[in-house]
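Assemble chain Z onto chain H, guided by the hints.
Chains as they are written, first to last, in the numbering used here: chain H, 3 to 256; chain Z, 3 to 256.
For the record, the hints were derived by calculation from the structure and aren't laboratory data. Predicted, not measured: the structure shown is a model, and the values here were computed from it. Don't take every hint at face value.
If chains are identical, the list can't say which one is meant, so a pair holds when it fits in one copy or spans any two.
Here are the simulated SDA-like pairs of lysine to any residue, each with C-alpha atoms no more than 20 Å apart in a straight line [to be verified]:
| no. | residue 1 | residue 2 |
| --- | --- | --- |
| 1 | Lys10 | Thr244 |
| 2 | Lys148 | Ser197 |
| 3 | Lys7 | Val19 |
| 4 | Lys131 | Asn81 |
| 5 | Lys231 | Ala252 |
| 6 | Lys228 | Met3 |
| 7 | Lys133 | Ala122 |
There are 2 protein chains.
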Amino acid sequence: MEQIKIVKIKDNLRDVVEDLVTEEVPLTLIVGGEEFITLLCSPQDLEDLCAGFLFTNGLLTPPQDVEKIVIDQERWTANITLREESKVKGLVFKRLYTSGCGRGALFYNVADVIYRSKNASVLKISVLKLKDLMLSFQKRSELYLKTGGVHSAGLAQDNIFVFREDIGRHNALDKVIGRGLQDGVDFSKTLMVTSGRISSEVIFKIQKCGIPMIISRSAPTDQAVKLAKDMGLTLVGFARGTRMNIYSGAERVT
Amino acid sequence: MEQIKIVKIKDNLRDVVEDLVTEEVPLTLIVGGEEFITLLCSPQDLEDLCAGFLFTNGLLTPPQDVEKIVIDQERWTANITLREESKVKGLVFKRLYTSGCGRGALFYNVADVIYRSKNASVLKISVLKLKDLMLSFQKRSELYLKTGGVHSAGLAQDNIFVFREDIGRHNALDKVIGRGLQDGVDFSKTLMVTSGRISSEVIFKIQKCGIPMIISRSAPTDQAVKLAKDMGLTLVGFARGTRMNIYSGAERVT
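This is chain H alone, in the form it adopts within the complex (with noise of 0.2 Å):
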């Protein structure tokens, strides 16, 4: 966070006082030795969002394809080593292919059929246990409490053990994939918490991960919903307080 000096007003009274501001930076991927994107993020475990978009995005799954990631932090890049060569071409042709890219569903296509199996996690989890890591989820997203600019996520089981924040709803969710990947995680065992909305993008995400369950305390699209039903996952929205919604998968709500 970056303290500036803004000019404050409340009621009728105008002051010049110092605040906090989230920080946002450019970050340019390098994968074998070749500029691939340029992502802008919040400056923290910026090699957590290199695997979690890697992987995410379809392009590669840390940390088998992935040798190492080296953060230049003067430059903001991120120099990406494979372990196999062959991969890099696979990702050139990839980059010229889909070079037609929406916005936040650069690298898949939304109708990819590919991914429409069903999830067959069989987690269960209590209204109470869901409460709770609701709230423990607020406590943390210290970011937001003092700058208020950015969204958080979170993976689950009895309590959250990856936490992540980020100026971008996809890029915290790809930070704590990207964790999960590294420490070899078993996704169809815990749940995903965010701060954000869930769109088409995001449950094909957890999807991916073989995640079966997304809880957040904002709403989800229509999309969404359609998906999560298709692919049997749990999706729970505006969790808040004592209330939520599930708009699919309410078996494993107990």
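Chain Z only, in chain H's frame:
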């Protein structure tokens, strides 16, 4: 909006009820007969979205470059017919050139210096008027009030004369800008009102239009503040009730 059955949990009660969720559609832009990009968006005001997207991403300037935009609501395509054939080539070239695109910052370079000129607009506006505008903005956020799932943006002078909503923060802005372009609005006399966070990309968009001022109920990032200062733009954040923070260009707020 679509009505669906959900499981609603409140305190210890669990009920199946009908609820509204916001719609999300994949709109494929076809420019000069060729598929160009697919945007995930709310299904309203799609001509405005196309016009705004093409302009803010530096591709085309409607209505000069665009003869007509025809929306097909069955296949969710937008057929964009250009006035001059030559423009198409530029577009295809750009598409390949920028294939390593950022999420959101698709077609322009974040560090692009050509937009770094100072905005010379002499627009001034009182704190009282800003409060009025934010209040009426909040009241008009219909989709948000019903489903909690969308962002809104508006263009204002003495009052808000263009108002648009979308599941995407950038789409809402693009819809407003697209409408303004098609109506021949003099942007230098307007201010942008938005519900969303203000990142560097948002600042690039309003600068490209020549809009001298942006106000939001949410937070800006540090990069957005720096750019706004460089460009001579007025940036107001956290405008809620009788409070607001002026991060840049306070001389326009009287």
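Results for each hint:
Proximity of lysine 10 and threonine 244 under a CA criterion of 20 Å is satisfied inter-copy only: 11 Å between copies versus 35 Å inside one chain copy. In this assembly of identical chains, lysine 148 and serine 197 lie within 20 Å of each other by CA distance both inside one copy and across copies; the values are 15 Å within and 19 Å between. Taking the shortest alpha-carbon separations for lysine 7 and valine 19, only the intra-copy value of 6 Å comes in at or below 20 Å, while the best inter-copy value is 49 Å. When the C-alpha separation of lysine 131 and asparagine 81 is checked against a cutoff of 20 Å, the pair qualifies neither within a copy, at 40 Å, nor between copies, at 49 Å.
For the identical chains of this complex, lysine 231 and alanine 252 are intra-copy neighbours only, at 10 Å inside a copy versus 49 Å across copies, given an alpha-carbon limit of 20 Å. In this assembly of identical chains, lysine 228 and methionine 3 lie within 20 Å of each other by CA distance solely across copies; the values are 14 Å between and 38 Å within a copy. Taking the shortest alpha-carbon separations for lysine 133 and alanine 122, neither the intra-copy value of 24 Å nor the inter-copy value of 51 Å comes in at or below 20 Å.
In this structure, the earlier hints numbered 4 and 7 are contradicted, and the remaining ones agree with it.
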